[in-house]
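Let the hints inform the model, and build the full structure from the sequences given.
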Amino acid sequence: MAGIFIYSEDTNVAQQMLTMGRELADKMQQRLCAVTIFEQDAQDLVDAGADKVFVLKGDSAWPESYAPAVADLAAKEEPIAIFIGATLRGKDLAAKVAARLKSGLVTDAFAVRLENGDIETDRVMYGGLAVCTEILQGTSVVTIPPRTFDMPAKVSGRAGEIVKLDVTVDSTMAVGNVCPIVRQGADIATAEKLVCVGRGLGKQEDMQLAKDLAAALGAEIGCTRSIAEDYHWLPNETYIGLSGQKVKPVLYLSMGVSGQVQHVAGIRDSKIIVAIDSNENAPIFAAADYGIVGDLYQIVPLLTEAIRNK
Amino acid sequence: MTVKKQGAEELLGVNKFSVDEEEPHIVIDKSICAKCKDKPCLVICPAVLYTLKDGEINFDYAGCLECGTCRVMCTNKGIVKWTYPRGTFGVAFRYG
Amino acid sequence: MGEEEKFDAIIIGAGPAGTACAYVLAKEGKNVLLIERGVSAGSKNVTGGRLYTYALELVEPGLHSEAPLERKVIREQIMMLGKKSAVTIDYLDYTFKEEVPQSYSVLRAPFDEWFAGKAEEQGAMVASGILVDDLLFEGNKVIGVKAGEDEMYADVVIAADGINSFMAQKAGLRSDLTGHMVGVGVKEVIELPAEIIQDRFNVASDEGTARMIIGCTEGIQGGGFLYTNKDSVSLGIVFSPENAAKQGKSIHEIYQDFKMHPAIYPLIRDGNTVEYGAHLVPESGWRGVPQKLYRDGFIVTGDAAGFCINTGTILRGIDLAIVSGVAAARAVIEAKDGSTVGTSYMRELEQLGLIPTMKLFAGWPDIVAIPRMAETYPHLANDALRFMFTVDGTVPEKMPKAMRAIVKKHVSMGQLIADGWKGVTSI
Amino acid sequence: MPNIIACYKWVLDEQDIKINPGNLALDTSRAKCKISEYDRNAIEEAVLQVDKCGAVVASLTFGTSVAKQSLKDALSRGPEKAYWVNDTAAQTADGFVTANVLAAALRKIGDYDLVLCGEGSADTYGQQVGPRVATLLGIPVITFVTEMKIEGNKVIATRKIGDCTETVTADFPVLVTVLPEINKPRIPSLKQVLGAAKKPVTEWKAADLGLATDELSPKNKVKSIKGFVMNRKNVIYKEGSPTEKVASLAATLAKEGVL
Chain W
674 MAGIFIYSED TNVAQQMLTM GRELADKMQQ RLCAVTIFEQ DAQDLVDAGA
724 DKVFVLKGDS AWPESYAPAV ADLAAKEEPI AIFIGATLRG KDLAAKVAAR
774 LKSGLVTDAF AVRLENGDIE TDRVMYGGLA VCTEILQGTS VVTIPPRTFD
824 MPAKVSGRAG EIVKLDVTVD STMAVGNVCP IVRQGADIAT AEKLVCVGRG
874 LGKQEDMQLA KDLAAALGAE IGCTRSIAED YHWLPNETYI GLSGQKVKPV
924 LYLSMGVSGQ VQHVAGIRDS KIIVAIDSNE NAPIFAAADY GIVGDLYQIV
974 PLLTEAIRNK
Chain A
246 MTVKKQGAEE LLGVNKFSVD EEEPHIVIDK SICAKCKDKP CLVICPAVLY
296 TLKDGEINFD YAGCLECGTC RVMCTNKGIV KWTYPRGTFG VAFRYG
Chain P
206 MGEEEKFDAI IIGAGPAGTA CAYVLAKEGK NVLLIERGVS AGSKNVTGGR
256 LYTYALELVE PGLHSEAPLE RKVIREQIMM LGKKSAVTID YLDYTFKEEV
306 PQSYSVLRAP FDEWFAGKAE EQGAMVASGI LVDDLLFEGN KVIGVKAGED
356 EMYADVVIAA DGINSFMAQK AGLRSDLTGH MVGVGVKEVI ELPAEIIQDR
406 FNVASDEGTA RMIIGCTEGI QGGGFLYTNK DSVSLGIVFS PENAAKQGKS
456 IHEIYQDFKM HPAIYPLIRD GNTVEYGAHL VPESGWRGVP QKLYRDGFIV
506 TGDAAGFCIN TGTILRGIDL AIVSGVAAAR AVIEAKDGST VGTSYMRELE
556 QLGLIPTMKL FAGWPDIVAI PRMAETYPHL ANDALRFMFT VDGTVPEKMP
606 KAMRAIVKKH VSMGQLIADG WKGVTSI
Chain S
2 MPNIIACYKW VLDEQDIKIN PGNLALDTSR AKCKISEYDR NAIEEAVLQV
52 DKCGAVVASL TFGTSVAKQS LKDALSRGPE KAYWVNDTAA QTADGFVTAN
102 VLAAALRKIG DYDLVLCGEG SADTYGQQVG PRVATLLGIP VITFVTEMKI
152 EGNKVIATRK IGDCTETVTA DFPVLVTVLP EINKPRIPSL KQVLGAAKKP
202 VTEWKAADLG LATDELSPKN KVKSIKGFVM NRKNVIYKEG SPTEKVASLA
252 ATLAKEGVL
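Chains W, A, P and S supply the protein sequences, listed in that same order. Letter by letter, the first sequence follows residues 674 to 983 in our numbering. Letter by letter, the second sequence follows residues 246 to 341 in our numbering. Letter by letter, the third sequence follows residues 206 to 632 in our numbering. Letter by letter, the fourth sequence follows residues 2 to 260 in our numbering.
Watch out, some of these pointers could steer you wrong.
[Unchecked claim] DMTMM-like mimics (lysine to aspartate or glutamate), calculated; alpha carbons at most 20 angstroms apart, straight line:
(1) K351/P to E268/A
(2) K33/S to E396/P
(3) K249/A to D436/P
(4) K200/S to E447/P
(5) K73/S to E326/P
(6) K282/A to E447/P
(7) K185/S to D903/W
(8) K185/S to E354/P
(9) K261/A to E38/S
(10) K876/W to D299/A
(11) K185/S to D265/A
(12) K298/A to D968/W
(13) K224/S to D795/W
(14) K161/S to D795/W
(15) K775/W to D95/S
(16) K222/S to E788/W
(17) K250/A to E423/P
Please keep in mind that the hints were generated in silico from the structure rather than gathered at the bench.
Take a look at the structure:
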């Protein structure tokens with residue numbers, strides 16, 4: 674059993690995982706290896722902390738088709754654990770790799786630590802209600818959501834071995850017509866500051882209140898599931914929650930959000946949570962750092978004003 | 246949360262609901278309600294779903310306990326539709 | 206499932222009445238369909254919280270021993286609340302738990318689901334999560350039901366769809382309810398460890414308390430109830446909505462204040478509210494029962510028929526519902542076809558004692574409806590007893606003079622005589 | 002006439018799970034079960050193909066004896082028959098075990114053209130069983146599908162992956178996992194509920210599928226499952242006029258340097 678492996682088709686996610694990987698590898702005196710399917714990313718991964726980078730060269734641009742290659746490499750190298758970026762493509766590949774290796778797979782681990790010699794992971798269960806802690810046994814696959822760890826400090830020109838391997842890809846499917854989703858607002862998952870709208874907002878025209886506050890704060894606008902999926906006041910990409918976006922802003926400010934457990938599961942990594950709601954007993958206040966109990970139609974305009982001329 | 250005076254919304258939060266997003270089972274006509282003098286619904290709804298917001302009756306069917314008191318007491322027929330929610334929707338009591 | 210396939214009976218509502226009827230019919234080999242709108246039987250029902258066991262024995266002797274019931278009620282209590290005081294009469298009767306215990310406290314979700322399961326075991330088809338929208342007629346005979354686009358046919362359709370009974374209304378046997386015919390019950394189920402319940406109510410692990418409470422409705426006609434379950438307490442108040450609407454305070458608010466009353470709060474302190482429920486209750490007794498409970502191919506049972514008795518001390522609903530379900534089943538079994546089912550149903554209701562009992566208590570709603578019953582007399586009782594137990598060093602007044610003064614403080618002699626007369630004539 | 006198998010999981014309803022405030026342990030004593038919402042989309046998509054291309058649909062689930070109640074519910078959503086692997090191993094099963102069992106069941110069923118799964122289960126949301134089963138069976142898998150159609154013996158599906166959509170084509174047999182936006186699961190009607198009681202059910206034990214004990218034991222060790230509690234400052238401004246409350250909030254946020 675040797676080495677800690679890291680893979681993601683998204684090099685940023687891969688580098689973020691190297692931050693955790695480096696720490697883990699050092700504690701376990703193991704080599705930190707990264708796997709990539711893009712040769713041009715190899716040196717970046719070394720600079721970000723990887724001791725060895727395997728570049729899988731196959732004639733396909735479709736990341737999911739590299740599952741057999743990743744699995745074969747892991748079977749040969751027998752790493753202690755394989756951390757894969759939990760993008761949707763990453764989860765698809767991770768499940769295939771775990772099946773081939775007949776190994777366990779922990780999905781969306783938000784914490785990884787060493788506990789008396791074993792690697793332990795924490796993940797969410799029952800729609801955000803509970804946290805499940807597992808101890809990895811044998812070579813195990815773990816997927817890590819983007820931005821769980823910060824980008825590492827890179828040392829340009831860091832020494833590290835880069836190995837290129839020619840691999841066969843799984844080409845049983847024709848993949849075509851790849852077109853980017855035209856995103857209307859900015860990507861709220863990476864927004865620094867967020868204003869979130871909930872059912873406490875009476876009608877769509879009142880969205881202007883949120884827009885003014887967001888403009889004053891320099892924040893993006895997100896919402897709860899029903900605002901997007903049932904009322905269609907905002908696109909589906911902007912609803913925050915377990916089955917929606919998971920956000921990690923410095924400031925999350927909610928107006929008229931009651932705070933169901935599935936929504937709170939999407940905001941729990943925010944640095945500061947502020948809630949404005951008329952119901953003093955709304956669950957959101959239990960999840961908030963700061964809050965105001967009051968009518969958002971009075972509070973929000975005043976807050977916008979206060980921020981504008983602070 | 247140990248026993249204390251609790252708002253209706255917090256109490257309803259303890260129950261289990263499956264909200265029918267497509268078809269509200271109770272619908273009111275605010276123009277009729279505006280002419281209603283005594284507005285009994287404000288007092289007799291156990292879930293306090295009828296509230297007065299700047300002079301206008303405001304109603305949200307999502308927390309309904311399906312008792313029917315509002316229908317019985319709404320003599321001015323501001324409630325233009327009162328049916329049970331569609332099958333499998335609405336409140337699901339765990340104790341009862 | 207062709208259209209032509211017909212059931213012997215389609216029962217609407219898997220509450221006590223509907224399920225009892227389905228059980229008895231299925232046991233006789235009848236082809237029965239029981240339709241429930243909730244995701245599972247019991248998920249739409251709320252009750253104060255007591256079942257008189259004789260009714261279950263009527264369905265199947267011994268059934269009560271395996272039913273998920275809560276506690277055998279051996280303490281019957283009446284409580285009259287003052288501002289910061291209470292008078293409580295406690296009748297303890299151990300004979301109530303011998304052989305077949307007289308009554309159990311009950312929670313409807315587990316009980317109804319178990320009971321519907323038993324009916325299914327006997328061969329009844331149970332379809333839950335289905336709302337019946339309408340009845341199907343042929344001439345003036347009811348021949349089936351409509352749920353969404355589906356139409357199902359039966360010799361007899363049995364309405365057991367509860368107090369709001371849209372089916373009895375669609376059959377033209379009843380108009381919609383009015384404010385003075387019903388009470389609206391507001392209830393919390395408050396979780397407490399069993400040992401604490403047993404300590405606070407002085408009962409053993411399988412024993413329970415039932416308490417009727419007056420003076421808790423801030424003058425609104427109505428009363429409260431408390432039932433001890435295995436590891437929770439059912440605490441609630443039934444208000445007259447007609448009466449409540451005439452004053453400004455919401456019944457939710459009144460109930461929350463009642464929870465914090467100095468004589469109530471200690472019983473539920475450190476408990477955890479796990480459910481908040483509400484339900485309408487028939488309050489006008491026999492006078493509220495529709496003139497005709499049947500038409501060709503159609504019978505009305507349970508709360509839909511208004512079979513409920515409230516004497517202030519005795520609250521009977523579930524047992525009467527079960528008895529009416531059994532009566533309906535027997536009528537279907539005896540009858541040759543849909544047209545004679547109604548008359549045999551009425552005969553069964555007479556024979557099983559339901560109608561005689563309802564008639565016996567016909568006048569009681571007038572007593573419960575005496576305005577002063579809600580607050581004046583409870584407060585009067587508290588004042589009277591405070592006088593009898595007060596020792597503060599002063600020379601007390603002579604008993605009769607003091608008592609007359611207390612009575613006069615609350616009620617005029619004329620009112621007292623009028624209420625007394627109404628009470629005597631109604632029993 | 003494609004043969005479609007729709008897989009579903011009978012899960013605890015998370016609304017019924019209580020957290021013991023003291024030790025954060027989960028209390029599932031009063032929890033009812035349901036067909037996981039995401040899997041209802043899979044069953045619905047399978048049943049929609051019956052009208053579109055005359056498909057034959059069966060449901061498949063792996064559960065303990067508790068899952069017996071799921072059969073009527075699943076069959077009332079359209080499948081003609083139900084397969085049920087009933088084994089206590091389901092109590093502690095992880096993605097690895099569940100995939101082994103489902104793959105073995107599918108091999109025993111034999112003539113399947115399309116296998117449909119939800120993108121993840123409502124309880125564990127591991128999002129892995131679909132692709133795992135496909136890999137074990139050596140068949141292609143298309144995950145996170147928002148639109149799908151069958152042409153001859155080919156499936157053409159549109160996937161929605163974070164920042165882009167792509168169209169993927171694969172020949173039978175193929176496994177597809179669907180996103181909730183693919184369709185609106187029907188509410189079973191009276192006739193469908195009644196019809197369900199008459200449809201055939203095939204029940205297997207894990208032993209009937211020739212699975213070794215190690216294929217039935219979970220890989221990683223669950224150390225604990227505890228209620229999640231957010232420890233936040235909870236400084237809530239309730240008293241005072243709106244302007245006062247806003248002023249104190251603005252001041253605090255300025256101090257935190259987030260304005």
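The hints, checked one at a time:
no., hint, verdict
1, K351/P to E268/A, "holds, 19 angstroms"
2, K33/S to E396/P, "holds, 19 angstroms"
3, K249/A to D436/P, "holds, 19 angstroms"
4, K200/S to E447/P, "violated, 51 angstroms"
5, K73/S to E326/P, "holds, 15 angstroms"
6, K282/A to E447/P, "holds, 15 angstroms"
7, K185/S to D903/W, "holds, 13 angstroms"
8, K185/S to E354/P, "holds, 18 angstroms"
9, K261/A to E38/S, "holds, 16 angstroms"
10, K876/W to D299/A, "holds, 15 angstroms"
11, K185/S to D265/A, "holds, 13 angstroms"
12, K298/A to D968/W, "holds, 11 angstroms"
13, K224/S to D795/W, "holds, 10 angstroms"
14, K161/S to D795/W, "violated, 27 angstroms"
15, K775/W to D95/S, "holds, 12 angstroms"
16, K222/S to E788/W, "holds, 13 angstroms"
17, K250/A to E423/P, "holds, 17 angstroms"
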